[in-house]
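Once you've looked at the hints, dock chain B against the given chain A.
The chain contents come next:
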Amino acid sequence: MDVRPGMQKIPLIKPGMSPGEIVKTVRSAPGVFFSSTGMRDAGQSDYKNRLRLYDLKTLAPYYNKMGLFSAECHGGARWHVGILNRKESPFEEIETLRELMPNVLLQTLVRETNLWGYRPYPKNIIEYVVSKVDIDVWRCFSFLNDIRNMRAVAEVVMKRGRLFQPAIAFTQADWTTNDYYLEIVSQVVDLCGGTNEIVLCIKDMSGVGSPKRLKVLVDAIRQKFPDLVIQYHRHITDGLAIPALLAAVQAGAKILDVEEDSLTRFYGQAPILALHAYLEESGFPVNIERTEAEHAVQKVREWIGQYDWAESPFKGYDHNVRHHRMPGGAFPSSFEQADNRGFLHLMPSILKMMSLYNRMIHYFDVTPGSQITWVTCSGIVNRYAKEKGEGGVRHILKLLTKFIEEKWQRFESMDPHEQEELLGLFQNAPGDFKNLLLGDYGKLPMGWPAEWIYRSAFGDEWESRIKERKDLSPLDALDDEDLLMLRKTLSEAIGRKPSEEEFILYLMHPKNALEMIEFVEKYGEAPLVLPTSVWRNGLKKPGDKVEFEFWGKPYTVELVSIGAEHEGLIHVVMRVNNNTRVYTVETPRAKKVAIRMAKGLGDVGAPINGNVWRIGNPERGSLKVGDIVHKGEEIGNLEAMKMENAIIAPFDGQVMEVCVKLNETVQEGQLLFILEKS
Amino acid sequence: MTASYDDLYERNDDVRMYVYREKSDRMKRKIQRILVANRGVPAVRIIHTCRDRKINTAVVYSTPDRLGHHVFMADSAIHIGEAPPTESYLDIDKIIDAALKSKADAIHPGWGFLAENHLFAQKVIDAGLIWIGPPPEIIRLMGDKIKAKELAQKANVPTIPGISDVNDVKQVQNWMKDENINFPIMIKAAAGGGGKGMVKIENAKQLAQGFSQARSEAEKSFDNGSLLAERYIERGRHIEVQIVADESGNVVHLFERECTLQRRNQKIIEEAPAPTLNDTLRQEICFTATRLMRELGYTSAGTVEFILDTRTKKYYFLEVNTRLQVEHSITELITGLDIVGIMIDVAMGKKLPFNQSDIHPNRWALEVRLNAEDPKNFSPSFGTVTRFQVPHGPGVRILTGIYEGADIPPYYDSLFMLLVTAGVDREDAIRVMDRALSRNLRIEGVKTLAPLLLSIIRHPVFIAGDFSTHFIEEHMDELISTFKEKNSEDEVLKVAKYVAEISALGPQKWM
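First to last, the sequence lines map onto chains A and B.
If you count by the numbering used here, then the first sequence holds residues 1 to 678, one letter each, in order.
If you count by the numbering used here, then the second sequence holds residues 1001 to 1511, one letter each, in order.
Treat the hints with caution; some may be incorrect.
Calculated cross-link-like contacts (lysine to any residue; reagent style SDA-like; alpha-carbon spacing at most 20 Å) [said to hold, decoys possible]:
hint, chain 1, residue 1, chain 2, residue 2
1, B, K1220, A, N663
2, A, K553, B, V1157
3, B, K1220, A, F651
4, B, K1205, A, P650
5, A, K591, A, Q667
Hint data in this document are derived by calculation from the structure and do not stem from the laboratory.
This is chain A alone, in the form it adopts within the complex:
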């Protein structure tokens, strides 16, 4: 077996190897492998995805020498939060990490047909996007375990010669039996043409798998598919991760997900050093250079203090997660939302509502399912709290408990007034909840929910809506979208040809991508070069400075002074490489002088900056509202630097408004006339 250069006995796995070679190496190597989630899921689960590339990349040199199976550094919600909050492009991230850790397989997480967005995309978009992203390991999950939905991603990844890692969503419930999972795994193996070119991931996103359950499940899969390489991805929310991970290894799992001990809080992955020691003591050697892992753990301590603000307000393990099943990746953001919107005190009730909800409607609590659960359940609880107070919340929880535990969810066996109340339960449910019931995401793992849920969600239309319900995968149900047209729309929005990367950002998150592009045009590479303290707080005292390398040259930005606010403006004096510069910063109180721009069909805008020296033309004189103008007729004239520029009527029409005054200075694009076509 090839070993990694400079690393004793650690089998060689690196980018460029075929999936077959990688799988063969893992199968034949003694011991266990680690994938690090330090650059993605760790930050998502405990720091709302705010860990910046600036800091994470300091781990790359250690990862490069650590002997990791892979580094998960891409995908999931990190993608979206990157463009929304950190203003980092996922493409820049891959490029940077690829350069700093060329020996490490880069791993992403995709949500089958939803990729890195929140809606099912048609096949042509999936194929286009997957073929453009330079990732080695594609972990792909379905919150419905609807394996059909993985087909498009699987095909492109496998055709590109990259490693496809189908992930089966795991939870511990009465319906998620061995038989259920063996059926799912069989579908996976069929989809991927066997077990030789894939790694199967068991995705325990909520961190609920008990050691015993894992042992039994992995064992069952191994018995049916002895060659299948199994990776166990587990969050630590319930506090039982380390024994559960050992149990999985004992049953034959070969790869485990870990993160730096110093990053570990309550909802991410297991600590690498601790797990390493525990496995070795238990007789399972780990293919890892421990010294490098120790360096990485130490490195994290240098910057993790910058992110205290991003941690969940809800701290500590939560063993009750096995009931409410909130995934680790959703913990900080859900609690933050509750905090911001003033319902943090309702969280225990919401978690309880989720526990009840997921016994009525079966799917897996991971994106986008977890968002549907969260929005639906927090909505119900908030509605009750608002309308009927805390007593009302207690009442509905009690009613549902009775419905589930005493009446076995038999709707008819409830009293008429209780039935009435149940029918009100989902009347304000979000659109995505309704789309889920209609099959827009694919089919639900245990079949469609009970009829009363449709009656509740759709009211009088419930029967006709059930008829619309689809059993098809979105891959088969959705028509291809016109990529050329989409690209053109983006070009028009940004006024230039977009790059390939910008286009993909736009395909996933159109609105946020436009904001991101605007941000980058305004602030350039600030998100990449500024240390986190400056990124978040700026420079505080005169003389404070930030030094960085930029395009191969040294730069220093030093604060000289921050002026007092005056009429919504603050003047900030800075020295940029010793050159003094004054920046005028608008505060939220700045007065905005609104200039009307030509937008609509009948709007005539200024072709250049200039002075309106004539309205109308010499033949007919000035123009006023109600005048009729003819196509090609001069309706005004702008002068700029002694040159005249005729404003020509674009069509025959009537003047509805003259928007400028004579001798007014106007800017390019400013609205001059509104005409109505005749």
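What follows is chain B alone, placed relative to chain A:
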């Protein structure tokens, strides 16, 4: 003591123009203080030579130019009115008053504004001041495009087929029919210059609108609405010859310049020598120009403009510019002369210190005009110049009308800086220009033509020297596509802007 106009000139009816009186009358003229009746780049240019010559300078300024670069450079400055040129830089009486008040003994008009206004020149002389420029009567004759064309024809200088004194569209149509002329044609202000009041008409449909535009611009810019129409020379090259002449009848040409690269009939890149000409044609054009100016009795500096039809190698007289031109710098660089200095000397009655045989250009020079305009659409860009770093290094000459922190007001010409480079040959001059434009120039606060200029001098067609006056319009999209997207200086300022905003406002909601 200054001499009045009548002291200097007398009417000679044989040549139908004014000629100088005896030399002895003229040697008394002394210039100790010059009032520069201009602003921006031309004013600064003239002040440079005055400083060389230890001549005092006075300038005039309008309200928005109170802190203008020319005001700071001059020894004294007089406020003459509000922003509109008619209330300041075009107000003859105010300027002459200012000259008298500042005790100047001469006025240099620069270029633009009143530089080719013969009434102004005459009033300067009438006020007992020395006019640094050609005689008013010559300005008058040459300023009338129709008269100028007649005089050129009289001097056997080839002219473009056309008609003058056009009053309506019908006349143009008749002329085109009679002379069998096809579109495109040019409608020009008889009193025009600098591309103003000049409209190219591509087809019959554009005729009426173009005609009235030319008339209106002519009235506004020159206070004179008379027009002429001419055949349009397709793919023509614009060649002009620099002339200097003294009052003793010495007329010397300082070779030619090529100003073919234009947009909207305004030059933006000029070079000397003209890459189009071979030596025979060069000698022929230069001597034709010299002959014309000699026959006109020209004095001071002036330029004879021609259009060269590259297909037929025929050249046609366009006009005589009776002033210092923007692009004089490149002639100075190839000859080593100071044309403004020569104008001052001639105005003082001195003889040219050289003959034609003394003039040996030994450089290639290139000039680009930095206008405050959007390089993508030429939309004017005015405002405060927040950063201004100009190129240095071998072969570079800078003439700037602004300084860092100055305002570029919207009321005047958009030219704020001339960048001139010289080398042993064309390739060398282009290389220096590339360095100057791409590496050292830094202007923030207003948009400039710099990206466009750089794209042009890097374009293979420009490098090959094979272009027409349409080059820019024909290649605009291509030129824009080669604008350099980013440089580290600009990019780092974006980072600094971010730091400034966060420092002032603290962590943001969206974070």
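Structure-based check of all given hints:
As the CA atoms of K1220 of chain B and N663 of chain A are separated by approximately 15 Å, the hinted pair is consistent with the 20 Å bound. Distance restraint check for K553 of chain A and V1157 of chain B: the Cα-Cα separation of roughly 60 Å exceeds the 20 Å cut-off, and the hinted pair is therefore not satisfied. For a cut-off of 20 Å, the pair hint linking K1220 of chain B to F651 of chain A is broken: about 29 Å separates their Cα positions. A hinted pair counts as satisfied when its Cα atoms are at most 20 Å apart, and K1205 of chain B with P650 of chain A qualifies at roughly 16 Å.
A hinted pair counts as satisfied when its Cα atoms are at most 20 Å apart, and K591 of chain A with Q667 of chain A qualifies at roughly 19 Å.
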